[in-house]
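Asks: Please model the entire structure based on the sequences and the hints provided.
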Amino acid sequence: RKLEQQVRHVLGFASAKGGVGKTTLAVLAALHLARMGYRVGLLDLDLTNPCTHLLLGVEPKLDLVGEESGILPPKIAEVEYMTIAFFTGGKPLSLRGSEATSAVLEILAATNWGKLDVLVIDLPPGIKDEILDLSAVGGRRSKIVIVTTPSKLSIKAAERLIEVAKGEKLSVLGLVENMAEKPGPGRELARRQTIEYLGNIPYDPVLEDRFGKLDELLETRAGKAMREVVEKLTRLLEG
Numbered sequence: 038r039k040l041e042q043q044v045r046h047v048l049g050f051a052s053a054k055g056g057v058g059k060t061t062l063a064v065l066a067a068l069h070l071a072r073m074g075y076r077v078g079l080l081d082l083d084l085t086n087p088c089t090h091l092l093l094g095v096e097p098k099l100d101l102v103g104e105e106s107g108i109l110p111p112k113i114a115e116v117e118y119m120t121i122a123f124f125t126g127g128k129p130l131s132l133r134g135s136e137a138t139s140a141v142l143e144i145l146a147a148t149n150w151g152k153l154d155v156l157v158i159d160l161p162p163g164i165k166d167e168i169l170d171l172s173a174v175g176g177r178r179s180k181i182v183i184v185t186t187p188s189k190l191s192i193k194a195a196e197r198l199i200e201v202a203k204g205e206k207l208s209v210l211g212l213v214e215n216m217a218e219k220p221g222p223g224r225e226l227a228r229r230q231t232i233e234y235l236g237n238i239p240y241d242p243v244l245e246d247r248f249g250k251l252d253e254l255l256e257t258r259a260g261k262a263m264r265e266v267v268e269k270l271t272r273l274l275e276g
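Just so we're aligned: the sequence shown equals residues 38 to 276 in this note's numbering.
Simulated from the structure, these hints should not be mistaken for lab results.
There's no promise every hint is true.
[As the list claims (entries may be wrong)] Taking CB as the label site, the calculated pair distances span:
#1 Leu-190 to Phe-248: 22 to 28 Å
#2 Glu-200 to Gly-74: 19 to 25 Å
#3 Gln-42 to Glu-275: 16 to 22 Å
#4 Ser-135 to Gly-74: 21 to 27 Å
#5 Leu-91 to Glu-196: 25 to 31 Å
Ideal Cβ placement from N, Cα and C applies to all residues, glycine included.
Replies: So, in structure tokens, the structure goes:
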């Protein structure tokens, strides 16, 4: 069963290094898209540190319902949700290279998404095989959103990631600058790389207290700023 037959758009959230808030933004994007009436899936492919379930307030031990057509992802706040943590009980997997790729493809093959408008994927951080496998997973429908912070190290790493993605003919939909009170070096990086600057998300100290409380999560400063980013994303996807 091909993902391409089930999903109109595949949207991978990628970052060159950990700790930039990529997972939080991927979860916020999925929740906002669902609120806007899109049929949305969220897939956590971070094999070494899957943590979207913590943001959603979901135990990584859900009883998955299997059918002949595949595993039905549970619905969380109108988002079809699948994570590697369901299979590992939340414990990290130390897989590399082709092993990681086959684990990813097995999860996808086992999941029956039904018909989705957008599948949001939380990719592992780094310039890794999994990011390049996004095109193998979603074909030409795959687009990447780059997440960076304004720090020099993060910007430098993000630039390398953009260049790798372009070299692999992956479509980079745009860049989000996280933990930034105003547009910073991320905007300049987007201009230099001729990609869309999707916006800046302010640092929000209350964010972690809202994990698992999804309505409140969307009402935080970061949640509201992310809504504007998502509105831009939908225009680019539909365009």
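Asks: Each hint: holds or not?
Replies: How the hints compare with the structure:
no. : hint                           : verdict
1   : Leu-190 to Phe-248: 22 to 28 Å : 26 Å, holds
2   : Glu-200 to Gly-74: 19 to 25 Å  : 36 Å, violated
3   : Gln-42 to Glu-275: 16 to 22 Å  : 20 Å, holds
4   : Ser-135 to Gly-74: 21 to 27 Å  : 39 Å, violated
5   : Leu-91 to Glu-196: 25 to 31 Å  : 30 Å, holds
Of the numbered hints listed earlier, those contradicted by the structure are 2 and 4.
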